[in-house]
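**Q** Protein chains in written order, with this note's numbering: chain Z, 309 to 600; chain L, 26 to 657.
Hint data in this document are derived by calculation from the structure and do not stem from the laboratory. The beta carbon of each residue, even a glycine, is placed where N, CA and C say it ideally should be. Be aware that a few hints might be false.
Said to hold, decoys possible - Derived DMTMM-like pairs: lysine to aspartate or glutamate, alpha-carbon spacing no greater than 25 Å straight-line:
1. K404/L - E431/L
2. K154/L - D126/L
3. K404/L - D142/L
4. K404/L - E495/Z
5. K154/L - D142/L
6. K404/L - D370/Z
Unchecked claim - Output of the computed footprint for chain Z on chain L, the stretches with three or more beta carbons under 8 Å from beta carbons of chain Z:
7. 61-75
8. 412-422
9. 436-449
Said to hold, decoys possible - Heads up, incomplete: computed chain Z residues facing chain L, CB under 10 Å, no partners named:
10. R494
11. E495
12. Y496
13. A500
14. R501
15. V502
16. R509
17. R513
18. P517
19. N518
20. P522
21. Q568
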Amino acid sequence: MTTLAAAQKAPLDSRTGKPRRPRHPYRAALATARGRTGLGLVLLVVLAGLLAPLLAGHGPTDQSALALAGPGTPGHPLGTDDLGRDLLARLLHGIRADLGIIAVAVPLGAVLGCLLALAAACHPLADTVVQRAFDLVLAFPGLILALAVTAILGPGRVPVILVIALAEIPVFGRLLRTGILVQRGREYVTAARVGGTSGGRILTRHILPNAADPLVVQFAVSLTVAVFIEGAMSFLGVGVRPPEPTLGAVLSQSMPYLAQAPHFAAGPLVTVTALVLGLSLTAEALSREIRR
Amino acid sequence: MTTPPLLEVQGLDVEFTTPDGGALHAVREVSFTLRRGETLAVVGESGSGKSTTALALLRMLPGTGRITGGAVRLDGQDLATADEPALRAVRGARVGMVFQDPMTALNPVLTVGRHLDEVLRAHGGRDRKARRTRAVELLALVGIPDPERRLDDHPHQFSGGQRQRVLIAMALAGEPDILLADEPTTALDATVQDQILTLLGDLTRTTGTALVLITHNMGVVARACDRVLVMYGGTVVEDGPTAEVLSRPRHPYTAGLLAAVPRLSAPSGTRLTGIPGTPPDLSLPLAGCAFAARCTLAEARCHTAAPTLTEVAGTGGDTVTGTATGAGTGTDTGSVRAACLLAAERTDPLPPPPPPARIDRPAPGAVVLRAEGLRKTYKSRRRSFTALDHVSLTLAAGETLGIVGESGSGKSTLARVLAHAHPADGGRILLDGQDVTRPGRAALHSVRRRVQMVFQDPYASLNPRMTVGEIVAEPLRAFGTVAPGERAERVAELLRLVGLDPAAADRHPRSFSGGQRQRVGIARALAPEPAVLICDEPVSALDVSVQAQIVGLLTDLQRDLGLALVFIAHDLAVVRQVSHRIAVMHEGRIVETAAADELCERPRDPYTRALLAAAPEPVPVRARLPVGAVSA
Chain Z
309 MTTLAAAQKA PLDSRTGKPR RPRHPYRAAL ATARGRTGLG LVLLVVLAGL LAPLLAGHGP
369 TDQSALALAG PGTPGHPLGT DDLGRDLLAR LLHGIRADLG IIAVAVPLGA VLGCLLALAA
429 ACHPLADTVV QRAFDLVLAF PGLILALAVT AILGPGRVPV ILVIALAEIP VFGRLLRTGI
489 LVQRGREYVT AARVGGTSGG RILTRHILPN AADPLVVQFA VSLTVAVFIE GAMSFLGVGV
549 RPPEPTLGAV LSQSMPYLAQ APHFAAGPLV TVTALVLGLS LTAEALSREI RR
Chain L
26 MTTPPLLEVQ GLDVEFTTPD GGALHAVREV SFTLRRGETL AVVGESGSGK STTALALLRM
86 LPGTGRITGG AVRLDGQDLA TADEPALRAV RGARVGMVFQ DPMTALNPVL TVGRHLDEVL
146 RAHGGRDRKA RRTRAVELLA LVGIPDPERR LDDHPHQFSG GQRQRVLIAM ALAGEPDILL
206 ADEPTTALDA TVQDQILTLL GDLTRTTGTA LVLITHNMGV VARACDRVLV MYGGTVVEDG
266 PTAEVLSRPR HPYTAGLLAA VPRLSAPSGT RLTGIPGTPP DLSLPLAGCA FAARCTLAEA
326 RCHTAAPTLT EVAGTGGDTV TGTATGAGTG TDTGSVRAAC LLAAERTDPL PPPPPPARID
386 RPAPGAVVLR AEGLRKTYKS RRRSFTALDH VSLTLAAGET LGIVGESGSG KSTLARVLAH
446 AHPADGGRIL LDGQDVTRPG RAALHSVRRR VQMVFQDPYA SLNPRMTVGE IVAEPLRAFG
506 TVAPGERAER VAELLRLVGL DPAAADRHPR SFSGGQRQRV GIARALAPEP AVLICDEPVS
566 ALDVSVQAQI VGLLTDLQRD LGLALVFIAH DLAVVRQVSH RIAVMHEGRI VETAAADELC
626 ERPRDPYTRA LLAAAPEPVP VRARLPVGAV SA
């Protein structure tokens with residue numbers, strides 16, 4: 309056969325007429341309405357946290373003579389709490405503290421989980437050990453785990469990070485293990501093996517890139533879960549130590565005044581909602597684009 | 026016959042929305058009629074719109090598909106505009122459907138009796154006893170032995186062919202006027218395919234149900250249907266009685282498709298004929314004839330003026346009564362309609378396809394690969410399955426050894442064991458006289474350089490995350506045969522060797538068609554300059570017009586590079602044409618090995634005879650020669 313089968317032409321861009329490079333699915337996902345809204349919400353909250361010292365105008369623990377002032381009080385746009393501290397400052401610094409925790413805890417859990425999954429993929433014995441360890445962690449309800457860890461380490465920032473990471477390890481580990489097992493049975497992996505490619509390279513170059521998509525989605529989902537765990541731990545008083553503000557701590561503090569000063573609770577509630585909604589929308593957009 | 030047609034499709038248009046918002050015009054202006062009791066085949070290659078047309082009839086289009094024009098009239102009722110309740114009343118009750126894959130179409134946790142019971146109840150089945158009696162009748166009708174007892178069995182207790190029978194029984198439960206079968210035998214072995222086609226033929230005769238059979242296989246058309254509708258690029262290109270269309274095609278595409286089907290009667294060493302080029306991109310607007318770009322007879326006007334389906338001179342009326350088939354011998358079913366500007370004017374038949382060329386191949390040389398008493402058993406906790414049972418073979422340089430067998434015969438396992446993708450449990454593999462059955466790490470690496478493999482599924486065997494260039498360069502990197510700086514050059518050389526544009530190196534596999542992907546797979550296998558190439562069903566996922574290109578490429582490469590080929594396939598006709606020798610596998614054993622022509626003309630083993638008899642040939646049933654009688 310001598311016909312030269314020409315490669316199909318890349319689709320042409322309707323405006324420029326130049327060959328259009330197919331966009332990476334993640335970028336395509338974030339360009340959808342859903343992805344943009346999600347990313348916008350997340351960026352808004354993250355920016356508020358990062359710029360907290362510039363935006364707040366007060367220190368998060370500075371007290372004034374006004375206690376439980378309503379929103380719109382001069383100098384305190386969101387009002388003050390029961391101890392006369394500026395609510396805007398506490399909210400912004402609370403976001404900052406929260407972000408600091410989840411930005412460390414979730415990647416830590418993800419990395420450890422993935423490393424364990426890789427170890428499990430290498431040998432059946434390691435697989436059994438790792439799987440049973442995951443079962444053990446998953447068997448504890450999250451809050452019991454949180455209470456157990458703080459019972460040993462005491463409350464504080466580090467135990468919160470540890471609890472979140474510990475809760476995420478089996479989630480990521482299981483997901484990656486499944487991905488590796490599925491991809492390992494695919495024909496292109498056999499083809500690579502017959503083609504002489506070494507085991508390590510097959511894992512890093514062939515299996516992992518194809519198993520990574522669900523991990524990216526899970527990462528966004530786990531960030532939401534982490535916001536909840538942090539909030540719940542601070543709310544129960546086993547999280548970051550007062551007077552340092554976190555979203556959960558501010559919320560917990562506002563509870564007794566819910567009837568007389570609802571604005572007290574509104575700030576952290578709205579923020580957590582925006583952050584969780586933003587992350588969920590991003591995760592949803594990513595997973596829709598990947599599943600296509 | 027003056028009765029109005031049972032089903033009348035007029036100017037049907039179907040569009041899909043692509044992910045980037047464009048429109049894909051999958052079916053364009055399709056019109057046909059179906060009479061009571063008629064058997065109609067819709068034949069075409071992938072992307073021709075045949076399945077989409079069938080699904081559109083019942084408005085069961087998947088995803089973004091929608092009917093954008095035309096009418097589907099069933100006894101005068103337009104289904105294209107009917108509301109959902111009206112459609113539900115038609116689905117199953119008036120039109121029954123049989124799907125392609127009998128392995129996944131039955132719910133594994135329900136018994137076969139429950140499946141039938143549900144359908145009967147949906148169609149207003151009265152009391153339970155009556156439904157059960159009817160279910161037993163239906164199973165008996167489709168030829169399941171001991172139906173009363175089998176009713177309480179689960180799908181996994183039935184074979185593939187029996188499951189397809191159960192699905193046919195379910196489709197017949199509502200006593201439909203039309204049975205719509207979408208590739209009902211594609212997932213089945215040739216011998217089982219034969220039984221199912223016989224069953225469908227018998228059922229339409231005894232129950233008077235009309236049959237619409239969608240298939241890509243011209244042999245199935247010849248075997249099962251009175252009339253055939255040939256589709257290409259979403260349009261109907263030819264419509265007429267099967268015997269007439271198969272023996273005297275009026276449209277160049279039909280003629281090309283028929284010529285591309287490998288014939289079991291063609292001797293070893295015959296080059297397959299293909300249709301050059303690729304099918305049209307359906308997302309682009311179509312000017313003129315869809316086939317014009319690939320047509321050897323095309324004139325300038327073919328590219329601009331769209332042909333309509335018109336009756337071809339000299340075929341109407343009584344001229345074909347001699348060959349007309351049993352049912353539906355009306356005057357207008359006897360005529361052939363073709364969508365070709367030239368066919369409408371032409372009075373002589375199409376020029377016959379050029380006589381098939383011979384493959385000029387040198388005589389095989391010394392033996393490179395020898396297997397002795399290979400054994401392979403797959404063990405699970407409950408039972409073990411013997412995939413290879415004392416298989417022995419030899420392969421010489423420049424020789425093609427064809428391996429044929431049905432699914433589960435162990436041919437893919439043999440390929441993987443020979444390519445050292447799976448270890449053998451017993452026996453010996455000798456490469457160039459050296460025992461390489463259980464090679465060490467270094468020895469395995471050098472064996473892999475010499476023995477390479479081409480895989481069946483061109484979609485699954487290429488890593489979707491790598492570019493074509495990276496895929497082809499992977500073995501170069503692994504074996505270190507080429508300095509890193511020269512890899513790009515070697516990749517370009519390999520791509521040219523398999524007939525691809527070297528610019529393809531930067532693109533991902535998803536932007537290529539099946540045939541082009543298979544070329545990439547071949548380039549990858551050739552990268553380490555192997556002596557033996559093991560091809561595991563390299564063409565069974567491809568259309569016939571593309572199949573010839575890939576088979577031709579493999580034989581040319583063999584001639585130029587002196588490769589020894591193991592060519593595994595289930596289609597005896599292809600295997601005969603490309604192979605020097607053929608080995609027939611059955612239940613893990615090689616039951617017969619002989620020179621290709623010898624085996625096809627004088628089969629010794631009864632199983633080989635059964636395979637030969639079941640092979641569907643695209644020849645009208647009456648004109649068919651007995652097996653073994655070869656026309657020159």
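**Q** All the hints need checking, so say for each whether the structure fits it.
**A** Cross-check of the supplied hints:
1. The hinted pair formed by K404/L and E431/L meets the criterion: a straight-line CA distance of about 21 Å does not exceed 25 Å.
2. Only pairs whose Cα atoms come within 25 Å are accepted, and K154/L paired with D126/L is rejected, the gap being roughly 31 Å.
3. With a CA separation close to 37 Å, the supplied pair K404/L and D142/L exceeds the 25 Å bound.
4. For the hint pairing K404/L with E495/Z, the CA-to-CA distance comes to about 21 Å; that is within 25 Å, so the pair holds.
5. Using a Cα cut-off of 25 Å, the hinted pair K154/L and D142/L holds, with the two alpha carbons roughly 10 Å apart.
6. The straight-line distance between the Cα atoms of K404/L and D370/Z is roughly 72 Å, outside the 25 Å bound, and the hint therefore fails.
7. With 0 residues carrying a beta carbon less than 8 Å from a beta carbon of chain Z, the segment 61-75 of chain L misses the three-residue requirement, and the given coverage is violated.
8. For the segment 412-422 of chain L, the stated coverage by chain Z is not satisfied: 0 residues place a CB nearer than 8 Å to a CB of that chain, which falls below the threshold of 3.
9. Only when three residues or more bring their CB closer than 8 Å to a CB of chain Z does the claim for the segment 436-449 of chain L stand; here the count is 4, and the claim holds.
10. Interface hint at R494/Z: satisfied, since its Cβ lies 6 Å from the closest Cβ of chain L, which is below the 10 Å cut-off.
11. Nearest Cβ of chain L to the Cβ of E495/Z: about 4 Å, under the 10 Å cut. The hint holds.
12. The criterion of a C-beta within 10 Å of any C-beta in chain L is met by Y496/Z, whose closest approach is roughly 5 Å, and the hint holds.
13. At its closest, the beta carbon of A500/Z sits 6 Å from a beta carbon of chain L; the interface hint therefore holds under the 10 Å criterion.
14. Taking 10 Å as the C-beta cut-off, the interface hint given for R501/Z holds, the closest approach to chain L being about 6 Å.
15. A least Cβ separation of about 5 Å between V502/Z and chain L falls short of the 10 Å threshold, and the interface hint therefore holds.
16. Hint status for R509/Z: holds, given a least beta-carbon distance of 8 Å to chain L, under 10 Å.
17. Satisfaction of the interface hint for R513/Z is found here, the shortest Cβ-Cβ separation to chain L being roughly 8 Å, below the 10 Å cut-off.
18. Contact between P517/Z and chain L, as hinted, is supported at the beta carbon level, the nearest pair being about 4 Å apart and thus within 10 Å.
19. At about 6 Å, the closest approach between the beta carbon of N518/Z and any beta carbon in chain L falls short of 10 Å, and the interface hint on this residue holds.
20. Proximity of P522/Z to chain L is violated relative to the hint, the smallest CB-CB distance being about 14 Å (cut-off 10 Å).
21. Because the smallest distance between the Cβ of Q568/Z and any Cβ of chain L comes to about 54 Å, over 10 Å, the interface hint for this residue is violated.
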